[in-house]
Amino acid sequence: MRIPLIAGNWKMNGSLALIEDFGNAFSRTSFLSNAIDIAVIPPFLYLANADEAFEGTPVQIGAQTLYGEASGAFTGAVSASMLKEFGVHYVLVGHSERRTLFKEDDAAILAQARAAIDEGIVPILCVGETLEERDENRFDDVVLGQLDAVMKGLSEEQRRQLVVAYEPVWAIGTGRTATPEQAQEVHASLRARLRHYDENLADNMRLLYGGSMKPANAQELLSQADIDGGLIGGASLKPDDFIAICHAAG
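Last residue of the sequence shown? That's 236 in our numbering, and every number before it is there in order.
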(Lines of atoms letter the chains of each structure in order from A and count residues from 1; the text may use other names and numbers.)
(Lines give C-alpha, C1' and ligand atoms only; values in the text may rest on other atoms or scores of the structure.)
Protein backbone atom coordinates (compact mmCIF):
# COMPACT_ATOMS: atom_id res chain seq x y z
CA MET A 1 0.00 0.00 0.00
CA ARG A 2 1.32 3.44 -0.96
CA ILE A 3 1.45 5.85 1.98
CA PRO A 4 0.24 9.34 0.92
CA LEU A 5 2.83 12.12 0.94
CA ILE A 6 1.89 15.77 1.32
CA ALA A 7 4.87 18.03 0.64
CA GLY A 8 4.73 21.81 0.94
CA ASN A 9 7.10 23.72 -1.36
CA TRP A 10 7.53 27.25 -0.02
CA LYS A 11 9.62 28.37 -2.99
CA MET A 12 11.28 31.76 -2.24
CA ASN A 13 8.84 32.57 0.54
CA GLY A 14 8.78 32.23 4.31
CA SER A 15 10.28 33.70 7.43
CA LEU A 16 11.40 32.67 10.90
CA ALA A 17 7.95 33.69 12.13
CA LEU A 18 6.25 31.38 9.63
CA ILE A 19 8.49 28.50 10.68
CA GLU A 20 7.43 29.09 14.28
CA ASP A 21 3.75 29.29 13.30
CA PHE A 22 3.98 25.96 11.50
CA GLY A 23 5.84 24.33 14.37
CA ASN A 24 3.17 25.46 16.82
CA ALA A 25 0.35 24.38 14.52
CA PHE A 26 1.75 20.88 14.03
CA SER A 27 2.52 20.45 17.71
CA ARG A 28 -1.22 20.89 18.34
CA THR A 29 -2.22 18.46 15.58
CA SER A 30 -2.14 14.68 15.86
CA PHE A 31 -1.69 12.36 12.88
CA LEU A 32 -1.38 8.62 12.67
CA SER A 33 2.32 8.23 11.92
CA ASN A 34 1.75 5.30 9.57
CA ALA A 35 -1.19 6.89 7.72
CA ILE A 36 0.52 9.79 5.97
CA ASP A 37 3.95 11.29 5.35
CA ILE A 38 4.32 15.07 5.61
CA ALA A 39 7.15 17.30 4.42
CA VAL A 40 7.77 21.03 4.55
CA ILE A 41 10.27 22.36 2.01
CA PRO A 42 11.47 25.86 2.98
CA PRO A 43 14.36 27.88 1.50
CA PHE A 44 17.84 26.69 2.46
CA LEU A 45 18.30 29.39 5.10
CA TYR A 46 15.45 28.01 7.20
CA LEU A 47 16.34 24.32 7.17
CA ALA A 48 17.97 24.30 10.60
CA ASN A 49 15.13 26.31 12.11
CA ALA A 50 12.54 24.02 10.54
CA ASP A 51 14.33 20.92 11.81
CA GLU A 52 14.19 22.34 15.33
CA ALA A 53 10.61 23.65 15.07
CA PHE A 54 9.23 20.32 13.80
CA GLU A 55 10.97 18.17 16.38
CA GLY A 56 8.43 15.87 17.98
CA THR A 57 5.97 16.25 15.10
CA PRO A 58 5.47 13.92 12.11
CA VAL A 59 6.83 16.59 9.75
CA GLN A 60 10.03 15.86 7.83
CA ILE A 61 11.96 18.59 6.08
CA GLY A 62 12.91 18.84 2.44
CA ALA A 63 15.11 21.05 0.30
CA GLN A 64 14.17 22.79 -2.92
CA THR A 65 17.21 21.75 -4.95
CA LEU A 66 20.83 20.59 -4.70
CA TYR A 67 23.93 20.35 -6.85
CA GLY A 68 24.95 17.09 -8.45
CA GLU A 69 28.58 17.15 -7.28
CA ALA A 70 29.77 16.09 -3.82
CA SER A 71 32.00 19.17 -3.26
CA GLY A 72 34.23 21.62 -5.07
CA ALA A 73 34.50 25.11 -6.51
CA PHE A 74 30.79 25.63 -7.18
CA THR A 75 29.99 29.00 -5.61
CA GLY A 76 26.43 29.22 -4.34
CA ALA A 77 25.77 25.50 -4.65
CA VAL A 78 24.68 23.08 -1.91
CA SER A 79 25.56 19.38 -1.85
CA ALA A 80 23.54 16.37 -0.76
CA SER A 81 25.89 15.69 2.16
CA MET A 82 25.33 19.24 3.45
CA LEU A 83 21.58 18.76 3.28
CA LYS A 84 21.90 15.45 5.10
CA GLU A 85 23.66 17.19 8.01
CA PHE A 86 20.62 19.40 8.46
CA GLY A 87 18.18 16.51 8.67
CA VAL A 88 16.81 16.83 5.15
CA HIS A 89 14.75 13.80 4.14
CA TYR A 90 13.41 14.91 0.73
CA VAL A 91 14.75 17.12 -2.06
CA LEU A 92 13.03 18.44 -5.18
CA VAL A 93 14.76 17.75 -8.50
CA GLY A 94 13.60 19.00 -11.86
CA HIS A 95 11.00 21.47 -10.61
CA SER A 96 9.55 23.40 -13.55
CA GLU A 97 10.98 26.67 -12.23
CA ARG A 98 14.45 25.14 -12.00
CA ARG A 99 14.13 23.80 -15.54
CA THR A 100 12.96 27.11 -17.03
CA LEU A 101 14.43 29.90 -14.88
CA PHE A 102 17.73 28.20 -14.04
CA LYS A 103 18.11 26.19 -17.26
CA GLU A 104 18.62 22.83 -15.53
CA ASP A 105 18.57 20.08 -18.15
CA ASP A 106 17.92 16.35 -17.92
CA ALA A 107 21.60 15.57 -17.33
CA ALA A 108 21.79 17.96 -14.37
CA ILE A 109 18.56 16.59 -12.93
CA LEU A 110 19.80 13.02 -13.20
CA ALA A 111 23.03 14.00 -11.42
CA GLN A 112 21.01 15.63 -8.65
CA ALA A 113 18.84 12.55 -8.21
CA ARG A 114 21.89 10.29 -8.00
CA ALA A 115 23.62 12.60 -5.52
CA ALA A 116 20.55 12.66 -3.27
CA ILE A 117 20.10 8.89 -3.35
CA ASP A 118 23.76 8.37 -2.52
CA GLU A 119 23.19 10.30 0.72
CA GLY A 120 19.93 8.55 1.57
CA ILE A 121 17.79 11.56 0.65
CA VAL A 122 14.57 10.91 -1.30
CA PRO A 123 14.43 12.82 -4.60
CA ILE A 124 11.01 14.14 -5.60
CA LEU A 125 11.31 14.21 -9.39
CA CYS A 126 9.07 16.89 -10.89
CA VAL A 127 7.74 16.47 -14.42
CA GLY A 128 5.24 18.50 -16.39
CA GLU A 129 4.36 20.17 -19.67
CA THR A 130 3.73 23.82 -20.57
CA LEU A 131 0.55 25.21 -22.12
CA GLU A 132 2.12 25.22 -25.60
CA GLU A 133 3.34 21.65 -25.20
CA ARG A 134 -0.09 20.48 -24.03
CA ASP A 135 -1.90 22.23 -26.87
CA GLU A 136 0.49 20.53 -29.29
CA ASN A 137 -0.34 17.12 -27.74
CA ARG A 138 3.30 16.58 -26.79
CA PHE A 139 2.66 14.96 -23.40
CA ASP A 140 4.43 11.72 -24.33
CA ASP A 141 7.49 13.53 -25.64
CA VAL A 142 7.77 15.98 -22.75
CA VAL A 143 6.48 14.46 -19.52
CA LEU A 144 7.28 10.83 -20.16
CA GLY A 145 10.58 11.95 -21.66
CA GLN A 146 11.45 13.80 -18.44
CA LEU A 147 10.62 10.66 -16.47
CA ASP A 148 12.63 8.40 -18.78
CA ALA A 149 15.67 10.70 -18.69
CA VAL A 150 16.08 9.97 -14.98
CA MET A 151 14.77 6.42 -14.83
CA LYS A 152 17.15 5.20 -17.55
CA GLY A 153 20.12 6.64 -15.68
CA LEU A 154 19.37 4.91 -12.38
CA SER A 155 19.84 1.35 -11.24
CA GLU A 156 16.89 -0.80 -10.25
CA GLU A 157 17.61 -0.15 -6.57
CA GLN A 158 18.02 3.60 -7.08
CA ARG A 159 14.68 3.83 -8.90
CA ARG A 160 12.93 2.54 -5.81
CA GLN A 161 14.04 5.63 -3.89
CA LEU A 162 12.20 8.07 -6.17
CA VAL A 163 8.95 9.95 -5.71
CA VAL A 164 7.47 11.54 -8.84
CA ALA A 165 5.41 14.75 -8.85
CA TYR A 166 3.37 15.83 -11.86
CA GLU A 167 3.14 19.60 -12.31
CA PRO A 168 0.71 20.71 -15.02
CA VAL A 169 2.62 23.89 -15.85
CA TRP A 170 -0.13 24.71 -18.37
CA ALA A 171 -2.65 25.08 -15.53
CA ILE A 172 -0.57 27.43 -13.37
CA GLY A 173 -1.31 31.13 -13.94
CA THR A 174 -2.96 30.54 -17.33
CA GLY A 175 -6.61 30.66 -16.35
CA ARG A 176 -6.99 26.99 -17.29
CA THR A 177 -7.62 24.36 -14.65
CA ALA A 178 -6.77 20.67 -14.58
CA THR A 179 -9.76 18.61 -13.48
CA PRO A 180 -9.30 15.62 -11.15
CA GLU A 181 -10.03 13.40 -14.14
CA GLN A 182 -7.31 15.07 -16.23
CA ALA A 183 -4.86 14.77 -13.34
CA GLN A 184 -5.72 11.09 -12.92
CA GLU A 185 -5.27 10.46 -16.65
CA VAL A 186 -1.70 11.80 -16.52
CA HIS A 187 -0.86 9.90 -13.34
CA ALA A 188 -2.17 6.70 -14.93
CA SER A 189 0.08 7.32 -17.95
CA LEU A 190 3.07 7.85 -15.67
CA ARG A 191 2.35 4.62 -13.80
CA ALA A 192 1.93 2.78 -17.08
CA ARG A 193 5.35 4.01 -18.20
CA LEU A 194 6.85 2.82 -14.89
CA ARG A 195 5.56 -0.67 -15.70
CA HIS A 196 7.98 -0.71 -18.62
CA TYR A 197 10.74 -0.75 -16.03
CA ASP A 198 9.26 -2.94 -13.28
CA GLU A 199 5.74 -4.02 -12.27
CA ASN A 200 6.55 -3.87 -8.58
CA LEU A 201 8.11 -0.43 -8.97
CA ALA A 202 4.99 0.86 -10.71
CA ASP A 203 2.74 -0.52 -7.99
CA ASN A 204 4.75 1.05 -5.19
CA MET A 205 6.10 4.37 -6.45
CA ARG A 206 4.27 7.40 -5.07
CA LEU A 207 2.96 9.85 -7.66
CA LEU A 208 2.12 13.33 -6.37
CA TYR A 209 -0.05 15.97 -7.99
CA GLY A 210 1.44 19.47 -8.09
CA GLY A 211 -1.31 21.54 -9.68
CA SER A 212 -2.65 24.02 -7.12
CA MET A 213 -4.00 21.51 -4.62
CA LYS A 214 -5.88 23.25 -1.80
CA PRO A 215 -8.42 22.34 0.90
CA ALA A 216 -11.34 22.82 -1.48
CA ASN A 217 -10.14 20.28 -4.06
CA ALA A 218 -7.75 18.05 -2.09
CA GLN A 219 -10.24 15.31 -1.23
CA GLU A 220 -11.42 14.85 -4.81
CA LEU A 221 -7.87 14.84 -6.21
CA LEU A 222 -6.54 12.48 -3.56
CA SER A 223 -9.40 10.05 -4.16
CA GLN A 224 -8.13 9.35 -7.68
CA ALA A 225 -6.63 5.89 -8.06
CA ASP A 226 -3.12 6.93 -9.09
CA ILE A 227 -2.67 10.16 -7.10
CA ASP A 228 -0.75 9.38 -3.93
CA GLY A 229 -0.35 12.86 -2.47
CA GLY A 230 0.38 16.44 -3.36
CA LEU A 231 3.22 18.85 -3.95
CA ILE A 232 1.62 21.94 -2.51
CA GLY A 233 2.55 25.50 -3.46
CA GLY A 234 0.56 28.50 -2.22
CA ALA A 235 -1.53 26.57 0.31
CA SER A 236 1.65 25.31 1.98
CA LEU A 237 2.31 28.84 3.29
CA LYS A 238 -0.87 28.81 5.38
CA PRO A 239 -0.70 26.42 8.36
CA ASP A 240 -4.48 25.86 8.54
CA ASP A 241 -4.78 25.19 4.79
CA PHE A 242 -1.79 22.87 4.72
CA ILE A 243 -2.97 20.90 7.72
CA ALA A 244 -6.45 20.63 6.14
CA ILE A 245 -4.87 19.04 3.05
CA CYS A 246 -2.93 16.66 5.29
CA HIS A 247 -6.20 15.65 6.97
CA ALA A 248 -7.77 15.05 3.54
CA ALA A 249 -4.91 12.69 2.72
CA GLY A 250 -4.98 10.87 6.06
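Source of the hints: derived by calculation from the structure; they are not laboratory data.
This structure is a prediction, so every number in the text was calculated from the model and none was measured.
Glycine included, every Cβ here is placed at the ideal spot set by N, Cα and C.
Hints may be right or wrong, so weigh each one.
As the list claims (entries may be wrong) - Pairwise CB distance ranges, derived in the manner of DEER restraints:
(1) GLU206 <-> SER13: 18 to 24 Å
(2) GLY62 <-> PRO166: 37 to 43 Å
(3) ALA93 <-> ASP7: 37 to 43 Å
(4) GLY106 <-> ASP184: 35 to 41 Å
(5) GLY220 <-> THR86: 17 to 23 Å
(6) ASP7 <-> GLY62: 37 to 43 Å
(7) ARG181 <-> ASN123: 40 to 46 Å
Numbers of unmet hints, in rising order: 1, 4, 6 and 7
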